[in-house]
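Undergrad: Sequence:
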Amino acid sequence: MANQTKELALLSVSDKRGIVAFAKKLHERGVGLLSTGGTALVLKEAGLPVMEVGAYTGFPEMLDGRVKTLHPKIHGGILARRDVPEHIKAINEHGIAEINFVVVNLYPFRETVANPECSLEEAIENIDIGGPSMVRAAAKNWQHVSVVVDPADYEKIIAAYDEKQGAISRDLRFALAQKAFAHTAAYDGAIANWLTARDARGAAQDFPQSFHYHGECVEILRYGENPHQKAAFYRDESVAVGALASFRLLQGKALSYNNLADSDAAWECVKTFAAPACVIVKHANPCGAAIAENARAAYCKARETDPISAFGGIIAFNTEVDEAAVEAVYEQFLEVLIAPSYTVGAKEWLKKKTNVRALEIPLNGKPTMSALDFKRIGGGLLIQTADDFTSAPEHWQVVTRRVPTTEEMRDLAFAWHMVKYVKSNAIVYVGGARTLGIGAGQMSRVDSARIAALKAEQAGLELKGSVVASDAFFPFRDGLDVIIDYGATAVIQPGGSVRDEEVIAAADERGITMVLTGMRHFRH
Numbered sequence: 004m005a006n007q008t009k010e011l012a013l014l015s016v017s018d019k020r021g022i023v024a025f026a027k028k029l030h031e032r033g034v035g036l037l038s039t040g041g042t043a044l045v046l047k048e049a050g051l052p053v054m055e056v057g058a059y060t061g062f063p064e065m066l067d068g069r070v071k072t073l074h075p076k077i078h079g080g081i082l083a084r085r086d087v088p089e090h091i092k093a094i095n096e097h098g099i100a101e102i103n104f105v106v107v108n109l110y111p112f113r114e115t116v117a118n119p120e121c122s123l124e125e126a127i128e129n130i131d132i133g134g135p136s137m138v139r140a141a142a143k144n145w146q147h148v149s150v151v152v153d154p155a156d157y158e159k160i161i162a163a164y165d166e167k168q169g170a171i172s173r174d175l176r177f178a179l180a181q182k183a184f185a186h187t188a189a190y191d192g193a194i195a196n197w198l199t200a201r202d203a204r205g206a207a208q209d210f211p212q213s214f215h216y217h218g219e220c221v222e223i224l225r226y227g228e229n230p231h232q233k234a235a236f237y238r239d240e241s242v243a244v245g246a247l248a249s250f251r252l253l254q255g256k257a258l259s260y261n262n263l264a265d266s267d268a269a270w271e272c273v274k275t276f277a278a279p280a281c282v283i284v285k286h287a288n289p290c291g292a293a294i295a296e297n298a299r300a301a302y303c304k305a306r307e308t309d310p311i312s313a314f315g316g317i318i319a320f321n322t323e324v325d326e327a328a329v330e331a332v333y334e335q336f337l338e339v340l341i342a343p344s345y346t347v348g349a350k351e352w353l354k355k356k357t358n359v360r361a362l363e364i365p366l367n368g369k370p371t372m373s374a375l376d377f378k379r380i381g382g383g384l385l386i387q388t389a390d391d392f393t394s395a396p397e398h399w400q401v402v403t404r405r406v407p408t409t410e411e412m413r414d415l416a417f418a419w420h421m422v423k424y425v426k427s428n429a430i431v432y433v434g435g436a437r438t439l440g441i442g443a444g445q446m447s448r449v450d451s452a453r454i455a456a457l458k459a460e461q462a463g464l465e466l467k468g469s470v471v472a473s474d475a476f477f478p479f480r481d482g483l484d485v486i487i488d489y490g491a492t493a494v495i496q497p498g499g500s501v502r503d504e505e506v507i508a509a510a511d512e513r514g515i516t517m518v519l520t521g522m523r524h525f526r527h
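Here the sequence shown is numbered in this note's numbering, starting from 4 and rising by one per residue.
A couple of the hints might just be wrong.
[Stated by the list, open to error] Straight-line alpha carbon distances no greater than 30 Å define the calculated BS3-like cross-link-like pairs of lysine-lysine that follow:
hint	residue 1	residue 2
1	K378	K350
2	K143	K285
3	K355	K426
4	K256	K285
5	K426	K467
6	K256	K354
7	K143	K19
8	K19	K92
9	K47	K28
10	K233	K19
11	K182	K285
12	K369	K426
13	K27	K256
14	K378	K256
15	K182	K28
16	K378	K304
17	K285	K467
18	K426	K233
19	K304	K233
20	K167	K47
21	K285	K350
22	K233	K27
23	K182	K256
24	K285	K378
If you're looking for bench data, these hints aren't it; they were derived computationally from the structure. Predicted, not measured: the structure shown is a model, and the values here were computed from it.
Just need the whole structure built from these sequences, with the hints factored in.
TA: This is the structure in structure tokens:
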């Protein structure tokens, strides 16, 4: 590269997808190729004329590659403002060529530390220094330099280059710079999160001292919880398998803030069932849920819990939805329908109500939950690990003289599964693998028990012989007496109250069976 005034592209990528084809197209358009070790080798093997950075700067890579691009001939060529004569004079005096393209993505730090066996030393060696420096320099000088951090943008760059006959538009350069700064911010945030959650010997702590979130703005929403509030939807950088954020909108208007919040509540609940299930949610609380032999049967059973509240709700399935299920669902007004897939016939039925928002969320393999939950408070952020564990029946303890029947135990398992998705204080009556009454979000557990029974009565459902789940212990026997008065014969709860013996004695006195799980499921 004897002519150092030739337009240059600096290519140094960890993710080498598409780099050869992109470099070839740049070369065909007269752009000189400048590269670092691994990337240069790949380009040379493809027969492309490329100059290594060490040969260009006159200073070889050293310290096992830790130092290679941190040089004035690199950063001068990137940072020089082409519209400032003094800058151009300075780089010309020192034989520095203009670097108009910086094509860089970074060492795979996040992929490296995703391995639970990753050592502190291995993590440190996968912290990129030169890469972020070049990306930030190019993004700072975006008015003159195109910075490319995403292989998905390669074709876009070539098309823009050809359209402008060798130039890249101001708007595209700025968009690339925005993406570049987001890229380095996410990278540095991941490093800070991982490192500040460890001590100097690499031992992991529960939470980082400094927490950084990175998400992509998917959509500016029409408004927030209320029309006077502004809102936006951001997607996590890494979305958990089967998470709501991976949805595909098959039809209907864009989802609102409340649609998204309620859809998440419904989907997080229904996707955890093994059998075909339906969950109906209204204002973030389940108002009906059931498991059955197919989607239609599950929906019909779930809706019977509280048909009034189900009106205008979110309906979620964990199994493929067919034409029969859509036909049943369409008998009432609904906001959102969610399923992992739809049959061809179901998709045709969906078109009969084009305003219904139909979401498809594939469940490829076992769905997972996000590792952390967040809640904003005034001036701060609460972070906790997800409530992703439910104690299994083999770990439960029957504490009454009477033990549950096989049918009661089946319904207790269903009730315990459901109660963790109901706002506290939560009481759920269950019978026949479906909810019969749900009491949510009350200040008193007794009130939740009464409201749940009232809901069942309004729906014409019989509570005699039902089972009940409580998300936390009964502090007194009064709540227990209420559910027994309404006909419950079995109850499942965590236990842990100083009055457990009194509550258990009350259960024995009234002839019901009680199971303790040892695990609370508050949901605020």
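Undergrad: Hint by hint, which ones does the structure fall short of?
TA: As far as the earlier hints go, 1, 2, 3, 8, 10, 11, 13, 16, 19, 22 are violated by this structure, in ascending order.
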